[in-house]
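Visitor: Listed below, chain by chain, are the residues.
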Amino acid sequence: AQKITQTQPGMFVQEKEAVTLDCTYDTSDPSYGLFWYKQPSSGEMIFLIYQGSYDQQNATEGRYSLNFQKARKSANLVISASQLGDSAMYFCAMREGRSGYSTLTFGKGTMLLVSP
Amino acid sequence: GAVVSQHPSWVICKSGTSVKIECRSLDFQATTMFWYRQFPKQSLMLMATSNEGSKATYEQGVEKDKFLINHASLTLSTLTVTSAHPEDSSFYICSAIKNMGRQETQYFGPGTRLLVL
Chain D
1 AQKITQTQPG
11 MFVQEKEAVT
21 LDCTYDTSDP
31 SYGLFWYKQP
41 SSGEMIFLIY
51 QGSYDQQNAT
61 EGRYSLNFQK
71 ARKSANLVIS
81 ASQLGDSAMY
91 FCAMREGRSG
101 YSTLTFGKGT
111 MLLVSP
Chain A
1 GAVVSQHPSW
11 VICKSGTSVK
21 IECRSLDFQA
31 TTMFWYRQFP
41 KQSLMLMATS
51 NEGSKATYEQ
61 GVEKDKFLIN
71 HASLTLSTLT
81 VTSAHPEDSS
91 FYICSAIKNM
101 GRQETQYFGP
111 GTRLLVL
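Chains as they are written, first to last, in my numbering: chain D, 1 to 116; chain A, 1 to 117.
By construction, these hints were calculated from the structure, which means they are not laboratory data. This one's a predicted model, so the numbers in the text were calculated from it and none came from an experiment. By construction, the Cβ of each residue, glycine as well, lies at the ideal position given by its N, Cα and C atoms. Hints may contain errors.
What the hints assert, rightly or not - Calculated cross-link-like contacts (lysine to any residue; reagent style SDA-like; alpha-carbon spacing at most 20 angstroms):
id	chain 1	residue 1	chain 2	residue 2
1	A	Lys-98	D	Arg-98
2	D	Lys-108	A	Gln-42
3	A	Lys-20	A	Lys-98
4	A	Lys-41	D	Lys-73
5	A	Lys-20	A	Ser-54
6	A	Lys-41	D	Thr-7
7	A	Lys-98	D	Glu-44
8	A	Lys-41	D	Gln-2
9	D	Lys-70	D	Thr-20
10	A	Lys-41	D	Asp-86
11	D	Lys-73	D	Glu-96
What the hints assert, rightly or not - So these bits of chain D aren't anywhere near chain A, every CB distance computed over 12 angstroms:
id	residue
12	Thr-20
13	Asp-29
14	Asp-55
15	Lys-70
16	Lys-73
17	Ser-102
Claimed, not checked - Residues of chain D clear of chain A, computed beta-carbon distances all greater than 10 angstroms:
id	residue
18	Gly-43
19	Asn-67
20	Leu-113
Taking the hints into account, I'd like the entire structure generated from these sequences.
Guide: Shown next, in the form of structure tokens:
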């Protein structure tokens with residue numbers, strides 16, 4: 001079974017609108033971390049946001065927020081007020097275990113296109 | 001600003017040559033770095049974990065004699081693709097873990113595009 005599932009290969013959104021990118025995960029470890037990264041056409045991976053399995057509140061970083069629903073094992077990324085520069089590939093990733101040095105497992109990604 | 005650098009950003013080489021890619025953590029020490037490979041329109045696949053002062057840990061299916069990793073200092077890891085062939089053409093990305101207080105976060109380098117002719 002896939003550990004990280006991103007069911008949306010592509011998403012379209014108009015500028016200034018909000019968009020939600022889906023991510024579900026599968027783990028039996030009670031301690032884990034969830035990450036979202038952005039990869040523009042240049043290729044670099046840009047860290048956006050982190051959610052720990054024990055965090056009580058949903059993580060937020062500027063226009064990015066993570067809708068963490070632990071019982072459903074979902075960690076959707078919400079981008080508010082989309083900008084043209086948000087057009088990129090978005091990857092959800094998970095790190096299992098307590099160690100911060102564990103490896104990341106990535107989903108297949110969602111391509112987001114923001115139109116004027 | 002960038003916290004992890006990679007050099008070179010792109011390289012074109014002839015089949016049979018070896019290519020070295022450097023990954024540096026810019027303002028922190030990284031005892032652990034990771035090397036990933038990404039084919040077009042696909043996700044990142046972990047190749048190996050690079051540990052300072054010890055041997056790298058390779059993922060299943062990755063040839064350690066083909067992809068040599070040396071983590072010689074706390075800020076530098078190198079990946080050498082030995083006797084490169086066209087099927088080794090890919091986007092190679094390294095990452096290093098930085099402790100951000102609340103959690104350790106992997107920061108990625110800008111990547112190296114390798115084209116083997």
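Visitor: Each of the hints needs a verdict: does it hold here or not?
Guide: Evaluated hints:
1. Lys-98/A / Arg-98/D: holds (15 angstroms)
2. Lys-108/D / Gln-42/A: holds (6 angstroms)
3. Lys-20/A / Lys-98/A: violated (24 angstroms)
4. Lys-41/A / Lys-73/D: At roughly 26 angstroms apart (the allowed maximum being 20 angstroms), Lys-73/D and Lys-41/A break the hint.
5. Lys-20/A / Ser-54/A: holds (19 angstroms)
6. Lys-41/A / Thr-7/D: The hint holds at about 15 angstroms.
7. Lys-98/A / Glu-44/D: Holds, at roughly 17 angstroms.
8. Lys-41/A / Gln-2/D: holds (18 angstroms)
9. Lys-70/D / Thr-20/D: holds (17 angstroms)
10. Lys-41/A / Asp-86/D: Status holds; Cα separation ~18 angstroms.
11. Lys-73/D / Glu-96/D: Distance of about 13 angstroms is within 20 angstroms: holds.
12. Thr-20: Check passes; 20 angstroms lies beyond 12 angstroms.
13. Asp-29: holds (15 angstroms)
14. Asp-55: It is violated; Asp-55/D is separated from chain A by about 9 angstroms at its closest Cβ, not greater than 12 angstroms.
15. Lys-70: holds (17 angstroms)
16. Lys-73: holds (19 angstroms)
17. Ser-102: About 9 angstroms separates Ser-102/D from the closest Cβ of chain A, which leaves it inside 12 angstroms; violated.
18. Gly-43: Check fails; 4 angstroms does not lie beyond 10 angstroms.
19. Asn-67: holds (19 angstroms)
20. Leu-113: holds (14 angstroms)
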